[in-house]
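S.K.: Turn these sequences into a full structure, and let the hints steer you where they fit.
Heads up: the sequence lines are chains A and B, in that order.
At position 367 of the first sequence the residue is numbered 367 (the numbering used here), and the sequence of numbers has no breaks.
At position 276 of the second sequence the residue is numbered 276 (the numbering used here), and the sequence of numbers has no breaks.
Everything labelled a hint here was simulated from the structure, so no lab data went into it.
Don't take every hint at face value.
[Stated by the list, open to error] Okay, the calculated beta carbon distance ranges per label pair:
(1) Val326/B to Phe257/A: 49 to 57 Å
(2) His328/B to Phe257/A: 52 to 60 Å
(3) Gly201/A to Gln333/B: 27 to 35 Å
(4) Trp280/A to Ser154/B: 19 to 27 Å
(5) Gln193/A to Arg270/B: 23 to 31 Å
(6) Gln333/B to Ala139/A: 53 to 61 Å
(7) Gly201/A to Ser202/B: 32 to 40 Å
[To be verified] What the simulated footprint calls covered on chain B by chain A, stretch by stretch (three residues with Cβ under 8 Å from a Cβ of chain A suffice, anywhere in the stretch; the number is not a length):
(8) 87-95
(9) 174-181
(10) 242-252
Every value quoted in this text rests on a predicted model; they were computed, and no experiment measured them.
Backbone N, C-alpha and C fix where the C-beta goes; we use that ideal spot for every residue, glycine too.
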Amino acid sequence: MMETSGLDIAILNSLLISISVAFLSGGLAIPLSWLICRSNLRGRSFFEQAFTLPYSLPGYLLAMAWITLGNPQVGWLRNWLPSSGVYGPFGIIFVETTIALAFPLMELCNGFRRLDPALEESARMSGAHSIQVFWRISAPLLRPAWINGMLLAFLYALSSFGVPAILGLPARYPVLTTWIFTQFRLGGSIGLQTGLILSLGMIAFSFVSLQLIQRTLRNRYALTGGKSSRTSITPLPRWIGSTLPIGLGSLLLLVLFLPWISLGVTALAPHSGSMSPAEWTLRNLSDLLTLPDFQSGLLHSLLLAVTTSLAITVGGFAITFTEKKAQTPFWKFWAWLKGQILFSLFSAPGSAIAILWILLGGMALGSMAFNPWIALTAAYLMKYSALGVRAFSEGLHQIAPVLDEAARISGASLPERILRLWVPLLKTSFAAAFAWSFFPIFTELTMSILLTGPGVETLGTVLFQLQEYADQQKASALAWMLLSFSLVFAAYRSHQLTPAKGNP
Amino acid sequence: MVMQITLNTLLQTLSQILTPTRRTGAIFALVLALFSGCTAQKPELWIYTSIYKDVVRELEPIFEKNLPEVKVQWFQGGSEIIAAKLEAERAAGKTQADLILTSDPFWYLELKKKDALLPYSSPAAASVPTEWKDPDQTFSTVRVPVMMLAHHSSFQQPPRQWTDLTQSAYAQKIAMGSPLESGTFFTSVALLSSVKGWSFFSSLRQNEILASGGNSSVVQRLVTQERPVGMVLLENILQAKAKSSPIEAIYPEDGVIPIPSPIAIMKSTRSPEIAKKAYDLFFSEEVQKKIVASGMYSPLSQLPPPAGAKPRRELQPKAIAVNMNVLHQLFSQRDEIKKTFSDRVLK
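M.R.: Now the structure itself:
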């Protein structure tokens, strides 16, 4: 019999967190995207890149950093926080909003770039001022992108595990993913069944949500088409123009650099709890670099992340291309279905994906499914393939079909058209698909600890080992290195991909 | 040129033989073979264990030397991770584990109930006290972690016994792991509730105890003084002290909690005889010494305590009694214990 004590509260908490994160990130994204895309804000390109950075950072690393910053007893910022500190729903919503903001922000920025400026220009010429133009012209046209971004933020928060586990459970605040986690951990075979049923329920819920939203959006996207003309930029009043960058910079300091500094200080401390700068040492970092498990973990994670991201990139292109080009209803439906299933899997908890692989893979392949290379690759593909599909779905639809038709009439075969037409036109989408799947896989923890095997350490499992058993100082050093790498990588990625229109 | 022709011929022949489906299957099989290393190998013996990775690394050569006929493969993870993995494998129809060694004795009772364990009366485990062995020989205690109290070195008024934690002086000062997340904390809560009653935990709730994560979370909260007093395993305290962390052990006057951590052979093992040899090897002095060095007591009385820990004779008289009867009784109340703890402490 299913043990469901506390499940109702966990579901309610999950919904509260996910809805709050969706609306907060969606609410913040509106002014931010307008400032970035339609105003003369100083450093707007930098702010676009910086506010989307946290998406590339592993949530559990940010949550670990926020414990140092915001725990109610000795946290650095405890005097500015509520009595429960960063623990509880407010902490979870805050940290997850900083991560999920990327979804509506990027959707809206892409929407602004696709929006025909002639529409806004006509309104302006008819006497409307900037705010009226935004609310009466831009906002209704951008609503589908906004809703889509909020849906992705909602699904992200719903499936998130690391942040609520680290910041919610100490405050007795369970959510659905942490509830499922406890079922898997200590529920025995009945707990396993319960956890799987709930995870499948989450996948189904995501599937239905996606269908409803896509059905709503499909008819409206047509309104945002049209030929581009020069976008008009609204000048900000001088005092706003000079103070706003400072305000946004301070916000960035809070959401990005304070967590980085807090992990850095812990990594430099000679032992846990020592915070005196006089005692700082690089020993933890140098010990970590010479640790054999770290070296092999780095190599394995790199190998897995590169190969799986490549597969996700090629697969994402193949699925979206088939969906667009398929002639028969069957192939069209099959490609569409694959895309939808992948999106639903993206919103499932990692531990559920791993258990699902052991179960289904074990039934289909026997003990071969437990080979850690196969198991990890399969689980990463299941969880992150949606990112590949997402990267190509918009890019492909922005290329006029007449180009492909012209190439086909000129005698080019399908492989030739793919190599000479589609790949060059979609190179930013290829780069986006690879980059967006690479980093979550490189630092993945939840699935890896269940599916790893002898001699196949990954960075996630090494971090887990250090944190749980051996050496928390080295764990902090590794977390700091990963966060630093994430920041550098994300900054590079944003720099490379910001002008692209095919970003997920 | 000849090579090219041969290769082309081979590819043509293959494409004629293989239908698209078969071709995909063949490619898949080839990839699988490459992944799994296509050389002929010795049979494998899989050990799923929650023993620390450092210890596993030290055990590997001992097993290699004593079991040359097999390749011993270790899957190392937390007890709960191993339980989840093995349960999923069993649900899939087959587990690759031959031996299991984790720290949650209740899971072994569940596996025994499902007839998943192979009974084995090991001569090597003969001197393990009978109260720490399954009477039907399906599992035996192979190591004994000890749950106790600890405090930050600078904390002035450390508790002396479990019941001290209910005093108001410890309000917002105590941390423990969650019995919903950690097997050792489940066992500890089950035993403490049977000895001290559930009112003990209600008082801890009044003192706003922080119950989350496992032993490492508690150590982290202790050393950062987020919570200067905590319930934690001896081995975690010894490891933290070895790294100069400011933490002190407290052996509660009303008794530490020994957590008998079992070893068992899966009934589905491919090589019962080799699994039995490996089982015996875990009770050898050489292996037991490595286990003791990791901060746990040995169930074999002739072995010394872990370095820096109190001798067994000082702990035993007051230690909270754990035997098979107690475990069986608590096992039948497992869901109730979790629910009561959730209601009294986690809400």
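S.K.: Quick check on a hinted range of 27 to 35 Å for Gly201/A and Gln333/B, using CB atoms only.
M.R.: Roughly 29 Å apart at Cβ, these two residues keep to the hinted range, so it holds.
S.K.: Should the hint that Trp280/A and Ser154/B are 19 to 27 Å apart at their CB atoms be regarded as holding?
M.R.: Since the Cβ atoms of Trp280/A and Ser154/B sit about 20 Å apart, the hinted range of 19 to 27 Å holds.
S.K.: Against the range 52 to 60 Å, how does the distance between the Cβ atoms of His328/B and Phe257/A compare: consistent or not?
M.R.: holds (55 Å)
S.K.: Are at least 3 residues of the segment 174-181 of chain B within less than 8 Å of chain A when you compare beta carbons?
M.R.: Since 4 is at least three, the answer is holds.
S.K.: Report holds or violated for chain A covering the segment 87-95 of chain B, Cβ cut-off 8 Å, minimum 3 residues.
M.R.: holds (count 8)
S.K.: Taking the beta carbons of Gly201/A and Ser202/B, is their distance inside 32 to 40 Å?
M.R.: With a Cβ separation near 34 Å, Gly201/A and Ser202/B satisfy 32 to 40 Å, so the hint holds.
S.K.: Quick check: the segment 242-252 of chain B, covered by chain A? Criterion 3+ residues, Cβ under 8 Å.
M.R.: holds (count 4)
S.K.: Does 49 to 57 Å hold as the CB distance between Val326/B and Phe257/A, or does it fail?
M.R.: holds (53 Å)
S.K.: CB of Gln193/A to CB of Arg270/B, is that within 23 to 31 Å?
M.R.: holds (27 Å)
S.K.: Should the hint that Gln333/B and Ala139/A are 53 to 61 Å apart at their CB atoms be regarded as holding?
M.R.: Distance hint for Gln333/B, Ala139/A holds at roughly 58 Å.
Going down the numbered hints, you'll see the structure goes against none, and every one checks out.
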